[in-house]
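Visitor: Letter by letter, the chains look like this.
There are 4 protein chains.
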Amino acid sequence: MQLPQPLRGIIPPVVTPLAGRDALDYSGLERLLERIIAAGCHGIFVLGSTGEAQALSYRLRLEMVRETCRLVGNRVPVLAGITDTALVESLEFGHACANAGISGLVAAAPYYFRMTQSDLLRHAESLATELPLPIYLYNIPGLTKLSYDAETVAEAAKIPGIAGLKDSSGDLIYLQRVLRLTSFRPDFSVLVGPEEVLGQAMMLGAHGGVSGGANLRPELYVKLWCAAEQKRYDEVVSLGRRVMELSDALYRVGDPSTSYFRGIKYALEADGVCSGLPAAPLAPFTEPEKQIIRGWLAR
Amino acid sequence: MQLPQPLRGIIPPVVTPLAGRDALDYSGLERLLERIIAAGCHGIFVLGSTGEAQALSYRLRLEMVRETCRLVGNRVPVLAGITDTALVESLEFGHACANAGISGLVAAAPYYFRMTQSDLLRHAESLATELPLPIYLYNIPGLTKLSYDAETVAEAAKIPGIAGLKDSSGDLIYLQRVLRLTSFRPDFSVLVGPEEVLGQAMMLGAHGGVSGGANLRPELYVKLWCAAEQKRYDEVVSLGRRVMELSDALYRVGDPSTSYFRGIKYALEADGVCSGLPAAPLAPFTEPEKQIIRGWLAR
Amino acid sequence: MQLPQPLRGIIPPVVTPLAGRDALDYSGLERLLERIIAAGCHGIFVLGSTGEAQALSYRLRLEMVRETCRLVGNRVPVLAGITDTALVESLEFGHACANAGISGLVAAAPYYFRMTQSDLLRHAESLATELPLPIYLYNIPGLTKLSYDAETVAEAAKIPGIAGLKDSSGDLIYLQRVLRLTSFRPDFSVLVGPEEVLGQAMMLGAHGGVSGGANLRPELYVKLWCAAEQKRYDEVVSLGRRVMELSDALYRVGDPSTSYFRGIKYALEADGVCSGLPAAPLAPFTEPEKQIIRGWLAR
Amino acid sequence: MQLPQPLRGIIPPVVTPLAGRDALDYSGLERLLERIIAAGCHGIFVLGSTGEAQALSYRLRLEMVRETCRLVGNRVPVLAGITDTALVESLEFGHACANAGISGLVAAAPYYFRMTQSDLLRHAESLATELPLPIYLYNIPGLTKLSYDAETVAEAAKIPGIAGLKDSSGDLIYLQRVLRLTSFRPDFSVLVGPEEVLGQAMMLGAHGGVSGGANLRPELYVKLWCAAEQKRYDEVVSLGRRVMELSDALYRVGDPSTSYFRGIKYALEADGVCSGLPAAPLAPFTEPEKQIIRGWLAR
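Protein chains in written order, with my numbering: chain A, 1 to 299; chain B, 1 to 299; chain C, 1 to 299; chain D, 1 to 299.
Derived from the structure by calculation, the hints contain no laboratory data. Hints may contain errors.
What the hints assert, rightly or not - Just a sample of chain C residues kept apart from chain D, beta carbon distances all over 12 Å, derived:
1. Pro4
2. Glu34
3. Arg59
4. Arg66
5. Thr85
6. Leu121
7. Gly142
8. Glu155
9. Ile173
10. Ala227
11. Ser247
12. Pro288
13. Gln291
Said to hold, decoys possible - Restricting the straight-line Cα-Cα distance to at most 25 Å, the calculated cross-link-like pairs of lysine-lysine (DSS-like) are:
14. D:Lys145 / B:Lys223
15. A:Lys231 / C:Lys231
16. D:Lys145 / C:Lys145
17. C:Lys223 / A:Lys145
18. B:Lys231 / D:Lys223
19. B:Lys231 / D:Lys145
20. D:Lys145 / B:Lys145
21. C:Lys231 / A:Lys223
22. A:Lys231 / C:Lys223
23. B:Lys145 / A:Lys145
24. B:Lys145 / C:Lys145
25. A:Lys145 / D:Lys145
Claimed, not checked - Covered, in the sense of this in silico footprint (three residues per stretch, anywhere, with C-beta under 8 Å from a C-beta of chain A), are these stretches of chain B:
26. 37-48
27. 79-89
28. 273-286
29. 293-299
Note that the coordinates shown come from a computational prediction; the quantities given were computed from them, not determined experimentally. By construction, the Cβ of each residue, glycine as well, lies at the ideal position given by its N, Cα and C atoms.
Take these sequences, add in the hints, and give me the full structure.
Guide: Here is the structure:
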């Protein structure tokens, strides 16, 4: 499926529903995807950070890719994360994704060794040159501890095959610099990670959001995107307030270093969508933590 | 080959000599290993950070494991790094290492997601319980951005199968706390990463070093270890000074974020040992950078 | 002069024009203040970070306070920074400010020792209880390395005398949490530091901005504030773009760790407003750096 | 009193005993100093981090300087911290210290604004040129968030008046680099902050320690220093173990961000030496925390 360029809209970073340590929850995945598609989301992104990709075996990752492509069919484009610390692994998995029917690939910086902006650019160039699908760079310094400078993104935007940036830095000054420096490429897509600033990012020129909460309430994020797209800013503000409420209620229960992942997964379980089992070594919520989530969902 | 418990001595974290992006430099590896064994090192550690494991394909990592086991035979024990962000991948690779003849496994913290000390402990327990070889935890917060608290190491030391800690934090206060808190396990090995404090760490009770420079000058590090073991501290000081000279001369050329890896590999090439090609996306040294290295080696 | 509660509008954090290491540029200060008042700014903030307070002697700080109060008269309220690592110094200077005619005080976290949120709250309470003027907390973790949690701000908002927060974190998720948690105090003012997200912060409910660029182009920031206040968002976007241009052009010349301070001061000198001398130990721009600034101003 | 060059020995960073928020505990200070001098310490350092200088008023700081000089007389040299974010304040206080009879001054990096190594060097040069006493630089990146590069220290060592470095980084690789790069100045003193690595630092060439624990057990640190000086390394190891025990027992009670300061002060109170009141905004220990300290002291 050909990706629109620039890619626009709400592309939820779907969780990977787990039936066990190395097993997919098939029916949960189906329910998850159907809800997202029914709500009008513009694409699906598997194996991002919200998808806990780094904590899953490659066997399971490929199964997730194939199953998602099969379930989604040609209804919306599917993107897949190929982030790895080893270029050769990213390339190999990228080819497997292409064979499975994926429409675009997302790659964060290799996240173990320290490196320079030139190294990051060289890595991006290898991916774009050797892989048959559009590549979206993924800036998530909070987890990779490496950041693509805005100038590096602009250099990367000169490479055919680099189709956009997903920015999860939460830094709207950076986002504006990226937008300005890549404006020579009208087909370059800039998507924002943190859903709590989705409306503001779009006001500044971003094309959409990779919003974790769209796993749970996809229609809310689609509405917010439409409102921002049509410059109905009063609605952007009121819908954004609902996003903040969801974020405060579901992503901040228990230990803060893992509360986002455990919260979103358990909320999906409590909602009857899919298994809430987090990937090892994270533990599921305790019963009191679960009650907090259920309490909010019941309102 | 059975590992002595506690494991003691100089166990060089060998570089992975590359003939290409995904190809091993066989004869280089052989020369490298023979020099190390001839110098009296007490073991070999493949696929650590110095081995650039995270930047290599799993195919190449397994080849490196097998080839090293074949070349070393039963002359000294070989340890292998199984660090991965995914438990299932670490387990699978751990089993493959056991089948290839590896004697012990080394695992750093999963290095992408944030997690708690309980999560780190649970991860260590899974490795120790499910793998058939002794596990050495590997504390390297500079790269993993997660640190095993000294108390967590002490908890882990209660798990049969956890055989020791390699500490690359460079923090000798932490090292002392670990030594004290694990003293209930006389067979628990504490090895120090940064070679520049090897003598001091041993004075404080560490059992040996995983010294990168032992790729280059294995006899220097073996001498230093023997001097420390026999409490000949004047010699520890003078040999330690030579280690600092090597470190300053070879690990600080060019961009500081990558200079250690590029320096050690090019020095081995300049010495005629093996290929100096760093793993992608790092670039080899420029000619002026190479000259600085060659200049020092020539002295 | 009584402060409106909540305080709203553009309150420029004025630079401290220096005639020498410990001497004020009086006529420069007068020109600076007159331009700001003429442009319709809603207040003046002296001795913030942009005012280089921490790098100035207390003698000079008090002179700056007195001279500004004298020059401004009762045309707009003047706020002053009393941030210090020592509570007693902050209190003493706060009293001196009150005597000089200051209308409100601004205090960042004590910025040397590490401390807990309870310690920060206790510090805020001491200031609010012992000083006769409204206190605005100032969250600037990039410089103080301590952050007021949103929950701590909410606790502080229960203390009479704590009148608001200036947030320079640049984190709009945090800003939203603060706004929600302090909503029980309709007179509590939330002002945003980084001018590059002023429009977005106001859309989310912030009351105004402490915008460094308003030293240079006060009318631009007042216009932007009015547009945001009146929900003319197309104008917010286009004016915000001009702010980003100014920021990119003037705050990013030379070494990035000091470019903001050196840039804003030299631009004022080049514009004929006041001396561009930065406080010791910063050095003035080199001639080539100055040319870059002049080049942009000339356009 | 003329300082030996290089300055050698144990120079305790004395706490500032407080009778109230802005009042000195005179008799406590006297007891504290007498114990230290009686134990054979080689100097006294007031108004360092352990002395909570940054949390004290300048009035109290000067009182502490004067009272200490009066009490110590010419028995041992007294050094004083003049660290401030404002050069003019450091200079003024430095002159006041000289008038009070201080023998040497200690200056950490200005700790609010970010700056370059050139700025740090320029700052050091101003202090050394304009003040009449020897200046010791103080590297404490954990609190100042700025670090003097080893190369910067070497540059500073070329300035007459810069007499040494106190390094509290805890990084013994850095310490070795400093020692090597300043070896052209045989009168340049390198003192180590963290007492837990005092023996190791001296083995590497450091001249002594600014050991917080010497407030409590001065004779232990003097013994350790003598053992290291005379290369009795078995004794260095066993005494070092006692230092680690003290450190683990007294500096790790309660909240870790403030436990060092609260622990050392309360232990002095429990020992009957001086008031344990920490400087605002820190709170004294709770009763259960106090019991832990008393329990250890009783053994």
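Visitor: Now, for every hint given, state plainly whether the structure supports it.
Guide: Going down the list of hints, with the structure as the test:
For Pro4 (chain C), the requirement that its beta carbon stay farther than 12 Å from each beta carbon of chain D is met, with the minimum near 30 Å. Its beta-carbon lying about 28 Å from the closest one in chain D, Glu34 (chain C) satisfies the requirement of being farther than 12 Å from that chain. Listed as outside the interface, Arg59 (chain C) is inconsistent with that label: its C-beta sits roughly 8 Å from the nearest C-beta of chain D, within the 12 Å cut-off. Distance check for Arg66 (chain C) against chain D: the nearest CB is about 18 Å away, which clears 12 Å, and the non-interface claim stands.
With a minimum CB-CB distance of about 4 Å to chain D, Thr85 (chain C) fails to clear the 12 Å threshold, and the non-interface call is violated. Here Leu121 (chain C) does not stay apart from chain D, with its beta-carbon only about 8 Å from theirs, under the 12 Å limit. Its beta-carbon lying about 8 Å from the closest one in chain D, Gly142 (chain C) breaks the requirement of being farther than 12 Å from that chain. The Cβ of Glu155 (chain C) lies farther than 12 Å from every Cβ of chain D, with a closest approach of about 14 Å, so its non-interface assignment holds.
Distance check on Ile173 (chain C): its Cβ is at least 24 Å (rounded) from any Cβ of chain D, clearing the 12 Å threshold; non-interface status holds. Annotated as non-interface, Ala227 (chain C) keeps its C-beta farther than 12 Å from every C-beta of chain D; the closest such distance is 33 Å. The non-interface label for Ser247 (chain C) is consistent with chain D: the shortest C-beta to C-beta separation is roughly 17 Å, beyond 12 Å. Taking the minimum C-beta to C-beta distance to chain D, about 16 Å, the non-interface status of Pro288 (chain C) holds against the 12 Å cut.
Residue-level check passed: Gln291 (chain C) sits 21 Å from the nearest beta carbon of chain D, beyond 12 Å. For a cut-off of 25 Å, the pair hint linking Lys145 (chain D) to Lys223 (chain B) is broken: about 38 Å separates their Cα positions. This hinted pair checks out: Lys231 (chain A) and Lys231 (chain C) have alpha carbons roughly 11 Å apart, not beyond 25 Å. A C-alpha spacing of about 8 Å is found between Lys145 (chain D) and Lys145 (chain C), which places the hinted pair at or below 25 Å, so the restraint holds.
Only pairs whose Cα atoms come within 25 Å are accepted, and Lys223 (chain C) paired with Lys145 (chain A) is rejected, the gap being roughly 38 Å. The suggested pairing of Lys231 (chain B) with Lys223 (chain D) holds, with an alpha-carbon distance near 20 Å, which does not exceed 25 Å. Restraint check for Lys231 (chain B) and Lys145 (chain D): not satisfied, since their Cα atoms lie roughly 38 Å apart, outside the 25 Å limit. For the proposed pair Lys145 (chain D) and Lys145 (chain B), the alpha carbon gap of about 18 Å is at most 25 Å, so the pair holds.
At roughly 20 Å between alpha-carbon atoms, Lys231 (chain C) and Lys223 (chain A) fall within 25 Å of each other, so this suggested pair holds. With a CA separation close to 20 Å, the supplied pair Lys231 (chain A) and Lys223 (chain C) stays within the 25 Å bound. A distance of roughly 8 Å separates the Cα atoms of Lys145 (chain B) and Lys145 (chain A); the hinted pair therefore holds under the 25 Å criterion. Between Lys145 (chain B) and Lys145 (chain C), the direct Cα distance comes to roughly 19 Å. Compliance with the 25 Å bound is thereby established for this hinted pair.
Our distance criterion of 25 Å between C-alpha atoms is met by Lys145 (chain A) and Lys145 (chain D), whose separation comes to about 19 Å. Note: the stretch 37-48 of chain B has 0 residues with beta-carbon separation from chain A under 8 Å; the three-residue rule is not met and the coverage is violated. Counting residues of the stretch 79-89 of chain B whose CB lies closer than 8 Å to any CB of chain A gives 5, which reaches the minimum of 3, so the coverage claim holds. Check result for the stretch 273-286 of chain B against chain A: holds, 5 residues qualifying (beta carbon to beta carbon below 8 Å, three or more required).
Counting residues of the stretch 293-299 of chain B whose CB falls under 8 Å from any CB of chain A gives 0; the rule of at least 3 is not met.
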